[in-house]
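Starting from the given sequences, assemble the full structure and let the hints guide the process.
Counting with our numbering, you get residues 6 to 145 for the letters of the sequence shown.
Hints were generated in silico from the structure; no laboratory data involved.
Hints should not be assumed to be uniformly reliable.
DEER-style ranges, computed between Cβ atoms [what the hints assert, rightly or not]:
id, residue 1, residue 2, range
1, A47, E115, 26 to 32 Å
2, R16, V122, 17 to 23 Å
3, D37, D111, 31 to 37 Å
4, I103, H19, 16 to 22 Å
5, A140, E32, 17 to 23 Å
6, E32, D142, 27 to 33 Å
7, A83, R16, 18 to 24 Å
We put the CB at the ideal spot given by N, CA and C, even for glycine.
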Amino acid sequence: MTATPQGIFGRYLHAGTLSRDADALAELFTEDGVFEAPLVPAGHVFPVAWPAGRRFAPEWPSTTSGWLAAPGPTGGGAADPAKSGFLLHETADPDVFIAEIDAAFDAAGESVTISLVQIFRLRDGKIALLRDYFAPDTVA
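Structure follows, in structure tokens:
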């Protein structure tokens, strides 16, 4: 089966945001895959970059995506798929796609939306590099 951006992104959302299954999320990455958040200052709670692969789960034991459960406006609230949305953009390079995401969370009885852009670089049908661009003030 050929890995399409829609298929990979769908599995990424299910493993990370919906089921918070760190092992399933790690399976989506190459063994040397990297997850980066280039706009977050060094030394911040959310690491600027770290190896994904099998080391993803121990570094974030209670979550599978830093912006999803890190302190800040979301307060680690539950994702609300009905209020969230995304748009995928394919590029001239078949191994690169971009996701525009408006992620809605229910936190402390309030709905909070975080807008972000993620750039996925694939290798052999898995995520080799994921760059997560969001406002640094969305994590404490």
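Hints versus structure:
no.	hint	in the structure
1	A47 <-> E115: 26 to 32 Å	holds, 30 Å
2	R16 <-> V122: 17 to 23 Å	holds, 19 Å
3	D37 <-> D111: 31 to 37 Å	holds, 36 Å
4	I103 <-> H19: 16 to 22 Å	holds, 19 Å
5	A140 <-> E32: 17 to 23 Å	violated, 29 Å
6	E32 <-> D142: 27 to 33 Å	holds, 32 Å
7	A83 <-> R16: 18 to 24 Å	holds, 20 Å
Hint 5 from the earlier list is the only one contradicted by this structure; the remaining hints agree with it.
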